[in-house]
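Trainee: Residues per chain, in single letters:
4 protein chains.
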Amino acid sequence: MARRIMKKPSEKLDQLVDSVLGPHAPPIASVAPGEVVEVETWSALERVTNPVTGPIEVEGAEAGDTLVVEILDIEMPDEGTTAIFPSFGALEGWLNLMEPRRKMCEIREGRVLYVTDRGETVELEADPFIGTIGVSPEFESITTLSPGRHGGNMDCPDVRPGNTLMLPVFRPGALLGLGDVHAVQGDGEICGVAVEIPAVVTLRLDLQKGRRIGWPRVVSPDEFMTVGSARPLEDAARQAFREMVDWMVADFGWVRDDAYMFLSLAAKSRIAQIVDPLYTAVVKLSRSYLER
Amino acid sequence: MARRIMKKPSEKLDQLVDSVLGPHAPPIASVAPGEVVEVETWSALERVTNPVTGPIEVEGAEAGDTLVVEILDIEMPDEGTTAIFPSFGALEGWLNLMEPRRKMCEIREGRVLYVTDRGETVELEADPFIGTIGVSPEFESITTLSPGRHGGNMDCPDVRPGNTLMLPVFRPGALLGLGDVHAVQGDGEICGVAVEIPAVVTLRLDLQKGRRIGWPRVVSPDEFMTVGSARPLEDAARQAFREMVDWMVADFGWVRDDAYMFLSLAAKSRIAQIVDPLYTAVVKLSRSYLER
Amino acid sequence: MARRIMKKPSEKLDQLVDSVLGPHAPPIASVAPGEVVEVETWSALERVTNPVTGPIEVEGAEAGDTLVVEILDIEMPDEGTTAIFPSFGALEGWLNLMEPRRKMCEIREGRVLYVTDRGETVELEADPFIGTIGVSPEFESITTLSPGRHGGNMDCPDVRPGNTLMLPVFRPGALLGLGDVHAVQGDGEICGVAVEIPAVVTLRLDLQKGRRIGWPRVVSPDEFMTVGSARPLEDAARQAFREMVDWMVADFGWVRDDAYMFLSLAAKSRIAQIVDPLYTAVVKLSRSYLER
Amino acid sequence: MARRIMKKPSEKLDQLVDSVLGPHAPPIASVAPGEVVEVETWSALERVTNPVTGPIEVEGAEAGDTLVVEILDIEMPDEGTTAIFPSFGALEGWLNLMEPRRKMCEIREGRVLYVTDRGETVELEADPFIGTIGVSPEFESITTLSPGRHGGNMDCPDVRPGNTLMLPVFRPGALLGLGDVHAVQGDGEICGVAVEIPAVVTLRLDLQKGRRIGWPRVVSPDEFMTVGSARPLEDAARQAFREMVDWMVADFGWVRDDAYMFLSLAAKSRIAQIVDPLYTAVVKLSRSYLER
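The listed protein sequences correspond, in order, to chains A, B, C and D. Position one of the first sequence corresponds to residue 771 (the working numbering), numbered consecutively onward. Position one of the second sequence corresponds to residue 771 (the working numbering), numbered consecutively onward. Position one of the third sequence corresponds to residue 771 (the working numbering), numbered consecutively onward. Position one of the fourth sequence corresponds to residue 771 (the working numbering), numbered consecutively onward.
I should point out that these hints are in silico values taken from the structure, not numbers from a laboratory. This one's a predicted model, so the numbers in the text were calculated from it and none came from an experiment. Any given hint could be a false lead.
Identical copies go unnamed one by one, so any copy, or any two together, can satisfy a pair.
Below 20 Å or equal to it, Euclidean Cα-Cα: the simulated DMTMM-like pairs (lysine to aspartate or glutamate) are [as the list claims (entries may be wrong)]: (1) Lys-782 x Glu-805; (2) Lys-979 x Glu-879; (3) Lys-979 x Asp-1027; (4) Lys-777 x Glu-890; (5) Lys-1038 x Glu-993; (6) Lys-873 x Asp-1028; (7) Lys-1038 x Asp-976; (8) Lys-782 x Asp-1021; (9) Lys-1038 x Glu-895.
With the rest of the complex left out, here is chain A:
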């Protein structure tokens, strides 16, 4: 049975620890490479700014390694919350006069029930994923509101059960933190909020010693993905595309310019979010093109 990692319910959350990914807080747990753990996460709308559960130390992790996070399961509660905050969101300033609002959404049998303002219920297939997951940067402590090379608030729906996330390691022990699970989210996360839930996330943590990657990567059964974050959004996409070129060259022997030209014919992309301090784009390539 997997070990459960959580902060004691009695403990008060502290923004200096729980709202950043960084090198200063002592680990709340230490995990051996290959170990499976269950992590209790808070909702992003609870208590402090987008709290994460961590730091979780991975034994033996060093700068220049890659942390491998296999996402095995996400256990959801039976309801989640979405909201509009008027001074936040992709269309802030484009749609005037928005009022702050909150909506509860029931989660039942793998479906999220959204009740419209006219009282109709629209059913969405639940697709839970980890909105914020990342390691400590080299020497900064970065707000959990922001994504980056270290992961963080990528709000990328591909960080879901069945897929594996890879993160570059910058500090001894990697110092993983995670939270901000979403029951379902649209591409762009345009009002700045998805269906926010507390959750129990089951992960297998492992290391690739000495494998250096530039940006977060995701492997699904069918696709390789790279996740770039920047402003403006085209630079996020460029980061992700360049990381995919690097991957094709390093692991699959492609000539660099040939990889670039091929991605212009074969890549898929999605906008993960355009609401956080940096924006996030995902680039995908079918594994069938590379693994032959």
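Given chain A, put chains B, C and D in place with the hints provided.
Mentor: This is chains B, C and D only, laid out in the frame that chain A set:
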């Protein structure tokens, strides 16, 4: 049998006419609403800058109408061309020292054959679509390299057979032009070039009189889509998201802020291209959420 | 005495001619290189979208030449207009709920009198300049709302009497148009409007045959300036900086990387405007560093 | 005589302390409001990433106060260093193939001597200022490479002797750090480096209790200035313009939309830098318009 629209093979292309979408050139054909036509298009790599076939006048079209372009078929040749131009493309300046290159790709039985620099053949499923299609702007003549409210060089793979494109009309007759067909393209079109082909495109052209839309829209059997173009890319996405909100409000009775909040849970998106004078993003919503 | 160029008062303005810079309209006047002319311009708030007076043909001008526009004088009326349009301007969406407004400003003895909402009069030194001035692009017709390589709506206060503007020529005759004179404007032109006036502008038009420049340049008694326009604004600045590097290399014999390094120590810049379809930045270098 | 603040020469710099502005390091000095101190700073090219001297605690400072930094003097050495790093700088990717370079510049009698690649000496007037100066953010530790609301790497030449910088306080004691003094810098700092020097900076530190500002402000004898940092650059300018509107409303009784409209006629701006993780723009307004 559908009427064939083309420029006479003897005619020399003229950038003042064939490389812009605008109000100044006399129509090469006039089409009744509801008529099916076949349009011969040039490859974007031929003769002048990204030539379009047109202007095609749609009888009775006036500013404030919507032009409806049902894409029935695209007939491909048996090969296409892709290329790298060093001073062009999304990673120009990010990948130094690229050499100009061209590659021919055979097109056979619905597949595009890409031969890598190591001599291996990778097969891609052909997915032909119209890269550049648009109407005349109100009073500008815009290079066919650029997308915009009027359509143009959107490089959006969803403008494909089986789908219907809607464009706002700004000038009497709409003055449609099209070209730049791609046998297949990756999201982002990152090296600036797809598999470029001349083609014969079969379209049904129709009008929605007095229906005013803000940006191009696409309807597929399963999805509604809006297509925004701007720099930076997040503004292209914002245009597309706002157009989708407007659509939900006008045609499906949603309350505006409710539509905004719902899209944050249910929208899909793709980056169409980040290489043209304006960048293009596509927002998609399942029709099942709206048509109930 | 200088020849006067104007459109006949009886003529109705036509957006296809007067609201674009392009190759399609017949010239309203033809000028010999070296000739001084007076041009009557309209206010940007009059009649059609930002009207320009033109096209003015410069005899002998050909693609690859540089048009030299020496600005000798601007004659102002005794009042101008400024305004807020709520869906336009740099802080649109940042300052909610703005109401549309207009304010008349008296112009007296070289000063613009601004009456605040509290009824106090603030005096600004008048600093009249040509907001929109440009040549025909190669084959597009571009709205006079937009700046670009061809000049256009640069809203650059350095295009003022005493200075000389240089523009690249793309079409035979250059096809100059100008308008949108401002009695005074702040950097950024943030509400989208300056003190807008009709004016009489005295210019000497000349040619540098075979001198090819990339972007508009301005020469004042003390400084060389380059004017870049793009979105985002950093790309406008990059265009202007690269043009300055090119100028130092071509005309003053600097080594390219040395010029780049030196500009990092010696350049001045201003934001011209962040409200038009492309944004405009100006880079300046003291002539004393180059002319020795 | 002013107290001297420095790190002991024997101490090794630590990126976790010296390359961030944040809440975790213990203060190296505590200063009473109104006290004058001399601070020894390192060159940005020395030892660790852009080191700052600090944290300096200001007694009694609390979140919601404004820290007032009067810059009294900067003592320069007799030479400084500038450099090109190929993968860094505003034209990285625009000017291909740059080689890394360093150049020493002699500083003599208030002038910086730049020797060109052709061996000529160009004299620039020295204009020393503090490139990086900021307080601790609320709960992040931000790399000293980045500017922000907290100040940081603004590279703003107006932070010079004779002027006063105001910073918002987020943490008890404010926790000021400074470094990265430049003997002279061009607007934009385009190759990413100015004439970098170690220096002794004389400051008077004071507090405005309970005065809450949004972004750094500078007061010179003639002008009020606001300093915004963001990507893209237009958002940096928008931050600075909005802060200036807020200032006019709060301290000088302007009606908000009137202030906005007036800035469109009267503001000046400069691009401080377009090379750091966020870009910086400065907005200036003559004090004569406000203090009447």
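Trainee: All the hints need checking, so say for each whether the structure fits it.
Mentor: Here is what the structure says about each hint:
Neither within a single protomer nor between protomers do Lys-782 and Glu-805 lie at most 20 Å apart by alpha-carbon distance, with minima of 28 Å and 38 Å respectively. For the homomeric pair Lys-979 and Glu-879, neither the shortest alpha-carbon distance inside one copy (40 Å) nor that between copies (45 Å) is at most 20 Å. For a Cα distance limit of 20 Å, the shortest separation of Lys-979 from Asp-1027 qualifies neither inside one copy, at 28 Å, nor across copies, at 40 Å. In this assembly of identical chains, Lys-777 and Glu-890 lie within 20 Å of each other by CA distance neither inside one copy nor across copies; the values are 39 Å within and 53 Å between.
Taking the shortest Cα distances, Lys-1038 and Glu-993 sit within 20 Å of each other both inside one copy (10 Å) and across copies (18 Å). Taking the shortest Cα distances, Lys-873 and Asp-1028 sit within 20 Å of each other only across copies (10 Å), while inside one copy they are farther apart (49 Å). With identical chains, the CA atoms of Lys-1038 and Asp-976 are never at most 20 Å apart, being 28 Å at best within one copy and 32 Å at best between copies. Taking the shortest Cα distances, Lys-782 and Asp-1021 never come within 20 Å of each other, neither inside one copy (45 Å) nor across copies (39 Å).
In this homomeric assembly, Lys-1038 and Glu-895 come within 20 Å of each other (Cα to Cα) only across copies, at 13 Å, whereas the closest approach inside a single copy is 22 Å.
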